[in-house]
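Add chain B to chain A, keeping to what the hints say.
Residue strings, one per chain:
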Amino acid sequence: MSLLVNAFDGLAFGALLFVLAVGLTLIYGMLDVLNLAHGALYMAGGYIAYLLLGGASVSLGLWAGAALLVAALGVALGGVLSAAILPLRGRGHLDQALLTLGLAILLSEFLLGVVDRGFHTLPPPDGLDGSVLGSYPLYRVAVIAAGLVIGGIVYWIFERTRAGALVRAAVDDPGMLAAIGVNVARVRLSVMLAGCGLATFAGVLGLPLLNLRAGLDSEVLVLALIVIVIGGLASIRGAVVGALLVGQVQTVGVALAPELAAYLLFAVMAAVLLWNPSGMFGRAR
Amino acid sequence: MRAILAAAVLAAMPFVLGAYQLSLLTGGLAYGLMAASLALLVGHAGLPSLGHAAFLGVGAYAAGLTAKHLSESAVVQLGAAVLAGVVFALVTGWFAVRTRGFFFLMFTLAIGEIAVQAATRSGRVTGGDNGLSGIPVSTLFGLETAMPYVVVFYWWALAVVAAGFAVLAAVRRGPLGAAIAGTRENEARMAAFGYSVPGVRLAAVTVAGAVCAAGGALVAQKDTFVAPTHLGVGVSVLLLVMVLLGGRDSLAGPALAAVGLIALRDVTSGALGDKWLLVEGALFVLCVYLLPEGLAGLWRKRARAA
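As you go down the protein sequences, you meet chains A and B in turn.
Position one of the first sequence corresponds to residue 400 (our numbering), numbered consecutively onward.
Position one of the second sequence corresponds to residue 1008 (our numbering), numbered consecutively onward.
By construction, these hints were calculated from the structure, which means they are not laboratory data.
These numbers were taken from a predicted model, which means no experiment stands behind them.
Virtual Cβ for every residue (Gly too), placed ideally from N, Cα, C.
Keep in mind that a hint or two might mislead.
As the list claims (entries may be wrong) - Taking lysine to any residue pairs in the SDA-like style, the calculated list, with each CA pair at most 20 Å apart, reads:
#1 B/Lys1282 with A/Phe518
#2 B/Lys1282 with A/Gly512
#3 B/Lys1229 with B/Met1154
#4 B/Lys1282 with A/Val513
#5 B/Lys1282 with A/Arg612
#6 B/Lys1282 with A/Arg516
#7 B/Lys1282 with A/Phe509
Said to hold, decoys possible - Covered by chain B, according to a simulated footprint, are these stretches of chain A (three or more residues, beta-carbon under 8 Å):
#8 499–512
#9 658–669
Chain A on its own, in the form it takes in the complex (with noise of 0.2 Å):
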């Protein structure tokens, strides 16, 4: 019975990394930038919100209000991001990560200022903060039903519509899409806002699971980061199936051997990496 609770913390946990994930796993496939400061923009996220809210629980719209607000900063500090490598352009791939790391140190060694190195939490909001079947968190049960939501979203318009189609042939031969005429610019830059906008709103949504302290910003990058290299670059579902994957090593795996829990991620990555260098559904680059 315990063992059920603990696969569904792992859903849970996996729905939170799938959206920190998904844009990360975009923002490679287009920019051909792998974006190292994705941690600190879910940390950016959780201490804005932190710091708007006081710590203390709210109204749901309120709540809503200020998880939106904390997205649109995650847009705006998306710009940045891009702004700041576009100098880089024509430098190697490495030069660019490097460079969101260094900014990615510069954010949360900001906030952790701003706050404090310390443990912060905020509760869940009025009406989310009760239990179902008698004391499961009901919290919990939203956080998978938001990503859920936000999964079938980014399914449905990159499979679904025009601006989809967009960025998938931008994956597959920007050369190509620039020659009919598509901006291929301004698709890009899109992509990175919203994948910044989807980190920060990660970071408020998982705010009542994983406490406010330094070096949440590496934590979770490096959960991000594994869920993209057991899934492939660039692919939705990889993300899906990965998050799922490190949802479940995480907590079940974490109850059945603490000790052992470290070394299994490292198993699961192994493994998948022996199986296919690229990913499960990761194509060859």
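Frame of chain A, contents of chain B only:
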């Protein structure tokens, strides 16, 4: 020739510097060796590792545990650290070298963070979050009874660092170094020549890992303390800053940057505290923008202009 001169000057430092400066320099040299080992991966092999601190930690924990449970001899501890570094490099590298570019970066970052978790969770062996404390001061051939410990330990560290540099330089100049550079430049051609590309890469990771673990042993012996943070992304990034600042195609550049940065960090740590990380981040960003080839690049540019 220049290397011998540098070693001679460094060996004479105990006659010039006070105990505090000497201890700063000892730490700087240890990090210099580790930064140079990372430069072999990043610059020479084209393998951008974001988890190099894992080797520091593996070496430091191996040396610390050996000191506590087996032997107080610094040489034995060094041997244990290098052995642990080689084993860790073979186990993780075997998977890592099958990946390319960003995947390598992500994989190494993940390994570093998993190593932190492993060190934190295995509390009975490693002391968990509190770190491994109570490491006895290591013995150095009995010389420590005759001279101040700081001085003897400095010479010991210098000897280890010099030996590590000799290994790195020999690998770079030798046939293995040529093969490593070949896999960086053109994988397909190296494979056509009959080289095993993963094999050559694994050799590069193993050499860099073993040398870095030796540096980790020095850190454990100097501080008589190891913490899980030694394995973390923060230290990996610090090592990478040293490589970028010094120049990734050079061995001496990263080492010089390391000595400078460690001295700067330790001197300002009282005043800056946690804000040191802001300085580190700013340095990182500035390096990427302004010094694509590091300080060594500036040096070469001037040499070309003259």
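For B/Lys1282 and A/Arg612, compute the direct alpha-carbon distance and say whether it is at most 20 Å.
Given that 20 Å is the threshold and the Cα spacing comes to 15 Å, the pair holds.
Starting from B/Lys1282, check that the Cα of A/Val513 is at most 20 Å away, please.
holds, 11 Å
How about the region 658–669 of chain A: do at least three of its residues have a C-beta closer than 8 Å to a C-beta of chain B?
Held - the region 658–669 of chain A has 8 residues with a Cβ nearer than 8 Å to chain B, which meets the minimum of three.
Is the hinted pair B/Lys1282 and A/Arg516 satisfied, with a Cα-Cα distance of at most 20 Å?
Within the cut-off at roughly 11 Å; holds.
Assess, step by step, whether the Cα of B/Lys1282 is no farther than 20 Å from the Cα of A/Gly512, and give holds or violated.
holds, 8 Å
Does B/Lys1282 pair with A/Phe509 here, judged by a C-alpha cut-off of 20 Å?
holds, 9 Å
Restraint check for B/Lys1229 with B/Met1154, where alpha carbons must lie at most 20 Å apart
Since the Cα atoms of B/Lys1229 and B/Met1154 sit roughly 16 Å apart, the hinted pair holds (cutoff 20 Å).
Pair hint outcome, B/Lys1282 versus A/Phe518 [Cα-Cα no greater than 20 Å]:
This hinted pair holds, its Cα atoms lying about 18 Å apart.
Are 3 or more residues of the region 499–512 of chain A near chain B, judged by a Cβ distance of less than 8 Å?
holds (count 10)
Figure legend: structure checked against the earlier numbered hints; every hint is met.
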